[in-house]
Amino acid sequence: MTANVVNILMSGIFHAAILFLVSAGLQLVFGVQKIFNLACGSFYALGAYVGVSAVAAFTTAGGPPFLFIVPLALAGILVGSVGLVVERGLLRFVYDRDETFQLLLTFALVLMMEDAIRLTWGTAPQSTSGLYLLYGQARVLGAVIPVYNLIVIAASVLIAAGLGFMLTRTAFGRIIRAAADNREMAEALGVDMRGVYARVFTLGTALGTLGGALVIPATAAMSEMGIELIVEAFAVVVIGGLGSMRGALVGALVVGVLRSVAISVYPEIEMLLIYLIVIAVLLLRPRGLFGGAAA
Amino acid sequence: MKGRVVLALAVAALLVLPLLLSPYRLLLMLPFMAYGVILLGLNLLFGYTGLVSFGHALFVGIGAYTGAFLTHAGIRSLEVIVLAAAVLGAVAAALVGLLCVRYVKIYFGMLTLAFGMVFYTFLLKFYRLTGGDEGMQVLRPLLLGLNLDAMPKTTYLVGPYYYYCLGVLVVAAAVMWRIVHSPFGLCLRTIRDNPVKAEALGVSVTRYRWYAFVISGVFAAVGGALLGPPTGNVDPTLAYWTHSGSLVFMALLGGFASFFGPVLGAFVFIFLQDAVMSVVPYWRLVFGAILAIIVIFAPGGLMGFFARPRPS
Numbered sequence: 001m002t003a004n005v006v007n008i009l010m011s012g013i014f015h016a017a018i019l020f021l022v023s024a025g026l027q028l029v030f031g032v033q034k035i036f037n038l039a040c041g042s043f044y045a046l047g048a049y050v051g052v053s054a055v056a057a058f059t060t061a062g063g064p065p066f067l068f069i070v071p072l073a074l075a076g077i078l079v080g081s082v083g084l085v086v087e088r089g090l091l092r093f094v095y096d097r098d099e100t101f102q103l104l105l106t107f108a109l110v111l112m113m114e115d116a117i118r119l120t121w122g123t124a125p126q127s128t129s130g131l132y133l134l135y136g137q138a139r140v141l142g143a144v145i146p147v148y149n150l151i152v153i154a155a156s157v158l159i160a161a162g163l164g165f166m167l168t169r170t171a172f173g174r175i176i177r178a179a180a181d182n183r184e185m186a187e188a189l190g191v192d193m194r195g196v197y198a199r200v201f202t203l204g205t206a207l208g209t210l211g212g213a214l215v216i217p218a219t220a221a222m223s224e225m226g227i228e229l230i231v232e233a234f235a236v237v238v239i240g241g242l243g244s245m246r247g248a249l250v251g252a253l254v255v256g257v258l259r260s261v262a263i264s265v266y267p268e269i270e271m272l273l274i275y276l277i278v279i280a281v282l283l284l285r286p287r288g289l290f291g292g293a294a295a
Numbered sequence: 001m002k003g004r005v006v007l008a009l010a011v012a013a014l015l016v017l018p019l020l021l022s023p024y025r026l027l028l029m030l031p032f033m034a035y036g037v038i039l040l041g042l043n044l045l046f047g048y049t050g051l052v053s054f055g056h057a058l059f060v061g062i063g064a065y066t067g068a069f070l071t072h073a074g075i076r077s078l079e080v081i082v083l084a085a086a087v088l089g090a091v092a093a094a095l096v097g098l099l100c101v102r103y104v105k106i107y108f109g110m111l112t113l114a115f116g117m118v119f120y121t122f123l124l125k126f127y128r129l130t131g132g133d134e135g136m137q138v139l140r141p142l143l144l145g146l147n148l149d150a151m152p153k154t155t156y157l158v159g160p161y162y163y164y165c166l167g168v169l170v171v172a173a174a175v176m177w178r179i180v181h182s183p184f185g186l187c188l189r190t191i192r193d194n195p196v197k198a199e200a201l202g203v204s205v206t207r208y209r210w211y212a213f214v215i216s217g218v219f220a221a222v223g224g225a226l227l228g229p230p231t232g233n234v235d236p237t238l239a240y241w242t243h244s245g246s247l248v249f250m251a252l253l254g255g256f257a258s259f260f261g262p263v264l265g266a267f268v269f270i271f272l273q274d275a276v277m278s279v280v281p282y283w284r285l286v287f288g289a290i291l292a293i294i295v296i297f298a299p300g301g302l303m304g305f306f307a308r309p310r311p312s
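Taken in order, these protein sequences are the chains called A and B.
Take the first sequence: its position 87, counting from 1, is numbered 87 in the numbering used here, and each next residue is one higher.
Take the second sequence: its position 274, counting from 1, is numbered 274 in the numbering used here, and each next residue is one higher.
Just so you know, not all the hints are guaranteed correct.
To be verified - Derived pair list, reagent style DMTMM-like, types lysine to aspartate or glutamate, alpha-carbon separation capped at 25 Å:
1. B:LYS105 <-> A:GLU99
2. A:LYS34 <-> A:ASP96
3. B:LYS153 <-> B:GLU79
4. B:LYS105 <-> A:GLU268
5. B:LYS105 <-> A:ASP98
6. A:LYS34 <-> A:GLU184
7. B:LYS105 <-> A:GLU228
8. B:LYS125 <-> A:GLU184
9. A:LYS34 <-> A:ASP192
10. B:LYS197 <-> A:ASP96
11. B:LYS105 <-> B:ASP193
12. B:LYS125 <-> A:GLU228
13. B:LYS125 <-> A:ASP192
14. B:LYS2 <-> B:GLU79
15. A:LYS34 <-> B:GLU79
16. B:LYS105 <-> A:ASP96
17. B:LYS197 <-> A:ASP98
18. B:LYS197 <-> A:GLU99
19. A:LYS34 <-> A:GLU270
20. B:LYS105 <-> A:GLU184
21. B:LYS125 <-> A:GLU187
22. A:LYS34 <-> A:GLU268
As the list claims (entries may be wrong) - Stretch by stretch, here's where chain A covers chain B in the computed footprint (C-beta under 8 Å, at least three residues):
23. 101-107
24. 193-200
25. 208-221
26. 248-262
27. 292-302
As the list claims (entries may be wrong) - To spell it out: a stretch of chain A is covered by chain B in this simulated footprint if at least three of its residues, at any positions, have a beta carbon under 8 Å from a beta carbon of chain B; those stretches are:
28. 12-21
29. 95-103
30. 226-236
31. 268-275
32. 281-289
It is worth saying that the hints were derived from the structure and are not from the lab.
In this text, a Cβ means the ideal position worked out from N, Cα and C, and glycines have one as well.
Please model the entire structure based on the sequences and the hints provided.
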């Protein structure tokens, strides 16, 4: 019984760790640029595919399988640079437009990236074979948990702490919060918004691609994974509150754990439950649990 | 005046098209006309009221599954199906709208998206009732009480069914034209342009938004009911959020600032998609690029090249 509960909880927290990374990127971009980036799920999918390829290249080049997490994480972070291309090449044209157009532009990205991924990697699911349990399994209160999951959870916690540190303790973080609060004022005080937007969007993208890369040993990469994840990330930010980092953390835990509980108790209501919570939150607290807080 | 001539020519062209086009192209006209009805409704919300729904596929799904359920229950009259879809669409939109219209902009979009996904998940997960991801079969409906089962499928679709859809589209357009050009339509535009002023002038903003939401839900459900018979099948992707996104895409493509723009958008979307897919399977790549170009360079859509800036 305990073992079962621990199992369900831990798989939920693992999912939450990944969800947090993607949602944190979404929140950062929304907080500063006021753009709800539907493509963050697509970045996640891209990270997953690039992760698979990087690990495959690493092992065929004779790298020790034990170190697979290094090329995986590196690939996940580096491919985040597409964010820079997207921001400079597309998004910067619509900053002063109605948010409908911004939303639709990110929807255009969703469409393009889904097919770009199919074009590059084909339609068959891609996976890394036999690396998931390479680090062994840990026994926690009778439950057997892959150590890899624990590593990802720890990494996500570290990143959350790092983001918190950056936002509250560094000069760049202060600029981000200022820009999120009042763009004109920040600009008037001499902040180069162009640069801030480019960096924020790239950082947001990298969080998404890293999330995608890290999930890869546990599940196969599929071309629909992006559009499926975005609705979960969307649930996370609504529950937590748009633009709030703390909200992303709490929201990810709520969605991740609830989903995992629902799957094992009553699979039919899995996502239904999440959406109903989203609707309840939007109706009762439209700004989310942590809405209104600084980015 | 010029507009009326163009309109008359367009309707005349649609009437004689079955004599000119190949059955293949005519079969593509069927989803176009269904989407035309849906888009007329969506644009009351998007173009005229200024609310962007990212969950409109919910009502399309309701209409489509109404057809599937009713034909299986032995009720195969398309009039009854369309009517039932309209009623169910209205009921669903009334309930969802009640909760959504208090919000605008991104929150409205998110809330509608969430409701759309609730329905999608329901369709997907309760497979005993809905057939899950395989969806449900739609039996051939009776048109005006006529049983046309003896006809070969294509003959049925490009003949009687084509004209039936055209009839629904024309009626839908006429009704929507009346709505948009009534004092009610004027109120909606006032709300879009300046909600504070509208409220001050005595227009109940949330109530009018709700009316617009319900009307557009009805149109979406009616269009959805017409989508099923041509393929003979409906599945949950009809209610998925990307489908809602495609609907907004069509509106933008044609130009949401004009009455017929979104209908034109549906036409171009469907035929262009077919043209692209006959060359490469990656239509999303091409369409994503088109959408990006429209958003950045031509937010007025196709109609924007030769029409007024906003519906008036």
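How the hints compare with the structure:
1. Under the criterion of a C-alpha separation no larger than 25 Å, the hint pairing LYS105 of chain B with GLU99 of chain A is consistent with the structure, at around 8 Å.
2. Taking the CA atoms of LYS34 of chain A and ASP96 of chain A, the gap is near 11 Å; set against the 25 Å cutoff, the hint holds.
3. Between LYS153 of chain B and GLU79 of chain B the alpha-carbon distance is near 20 Å, which keeps this suggested pair within the 25 Å criterion.
4. For a cut-off of 25 Å, the pair hint linking LYS105 of chain B to GLU268 of chain A is broken: about 32 Å separates their Cα positions.
5. For the proposed pair LYS105 of chain B and ASP98 of chain A, the alpha carbon gap of about 9 Å is at most 25 Å, so the pair holds.
6. The suggested pairing of LYS34 of chain A with GLU184 of chain A holds, with an alpha-carbon distance near 13 Å, which does not exceed 25 Å.
7. Annotation: proposed proximity of LYS105 of chain B to GLU228 of chain A holds, straight-line Cα distance about 23 Å (limit 25 Å).
8. At most 25 Å may separate the alpha-carbon atoms for a hinted pair to count; LYS125 of chain B and GLU184 of chain A exceed this at roughly 48 Å.
9. Distance hint between LYS34 of chain A and ASP192 of chain A is fulfilled; the C-alpha atoms sit about 17 Å from each other, no more than 25 Å.
10. Distance hint between LYS197 of chain B and ASP96 of chain A is fulfilled; the C-alpha atoms sit about 24 Å from each other, no more than 25 Å.
11. Distance restraint check for LYS105 of chain B and ASP193 of chain B: the Cα-Cα separation of roughly 13 Å lies within the 25 Å cut-off, and the hinted pair is therefore satisfied.
12. Proposed proximity of LYS125 of chain B and GLU228 of chain A is supported: the alpha carbons are some 15 Å apart, at most 25 Å.
13. With a CA separation close to 49 Å, the supplied pair LYS125 of chain B and ASP192 of chain A exceeds the 25 Å bound.
14. Proposed proximity of LYS2 of chain B and GLU79 of chain B is contradicted: the alpha carbons are some 34 Å apart, above 25 Å.
15. Between the alpha carbons of LYS34 of chain A and GLU79 of chain B the distance comes to roughly 46 Å, so the proposed pair goes past 25 Å and is violated.
16. Straight-line distance between C-alpha atoms of LYS105 of chain B and ASP96 of chain A comes to about 15 Å, which keeps the hinted pair within the 25 Å bound.
17. Pair hint LYS197 of chain B plus ASP98 of chain A holds up; C-alpha atoms about 20 Å apart against a cutoff of 25 Å.
18. Pair hint LYS197 of chain B plus GLU99 of chain A holds up; C-alpha atoms about 22 Å apart against a cutoff of 25 Å.
19. Restraint check: the Cα-Cα separation between LYS34 of chain A and GLU270 of chain A comes to about 30 Å, which exceeds 25 Å; the hinted pair is violated.
20. A distance of roughly 21 Å separates the Cα atoms of LYS105 of chain B and GLU184 of chain A; the hinted pair therefore holds under the 25 Å criterion.
21. Taking the CA atoms of LYS125 of chain B and GLU187 of chain A, the gap is near 50 Å; set against the 25 Å cutoff, the hint is violated.
22. For the proposed pair LYS34 of chain A and GLU268 of chain A, the alpha carbon gap of about 35 Å is over 25 Å, so the pair is violated.
23. Check result for the segment 101-107 of chain B against chain A: holds, 4 residues qualifying (beta carbon to beta carbon below 8 Å, three or more required).
24. A stretch counts as covered by a chain when three or more of its residues have a beta carbon under 8 Å from one of that chain; for the segment 193-200 of chain B and chain A the count is 0, and the coverage is violated.
25. Here the segment 208-221 of chain B counts 0 residues with a CB under 8 Å from a CB of chain A, which misses the bar of 3, and the coverage is violated.
26. Residue count for the segment 248-262 of chain B with a Cβ under 8 Å from a Cβ of chain A: 3. That meets the three needed, and the coverage hint holds.
27. A count of 4 residues in the segment 292-302 of chain B with a Cβ less than 8 Å from any Cβ of chain A is obtained; the coverage claim is therefore met, three being the minimum.
28. Coverage of the segment 12-21 of chain A by chain B is violated. Counting CB-CB distances below 8 Å, 0 residues qualify, and the rule asks for three or more.
29. Check result for the segment 95-103 of chain A against chain B: holds, 5 residues qualifying (beta carbon to beta carbon below 8 Å, three or more required).
30. For the segment 226-236 of chain A, the stated coverage by chain B is satisfied: 4 residues place a CB nearer than 8 Å to a CB of that chain, which reaches the threshold of 3.
31. Counting residues of the segment 268-275 of chain A whose CB lies closer than 8 Å to any CB of chain B gives 6, so the stated coverage by that chain holds, three being the minimum.
32. Counting residues of the segment 281-289 of chain A whose beta carbon lies closer than 8 Å to any beta carbon of chain B gives 3, which meets the minimum of three for the stated coverage.
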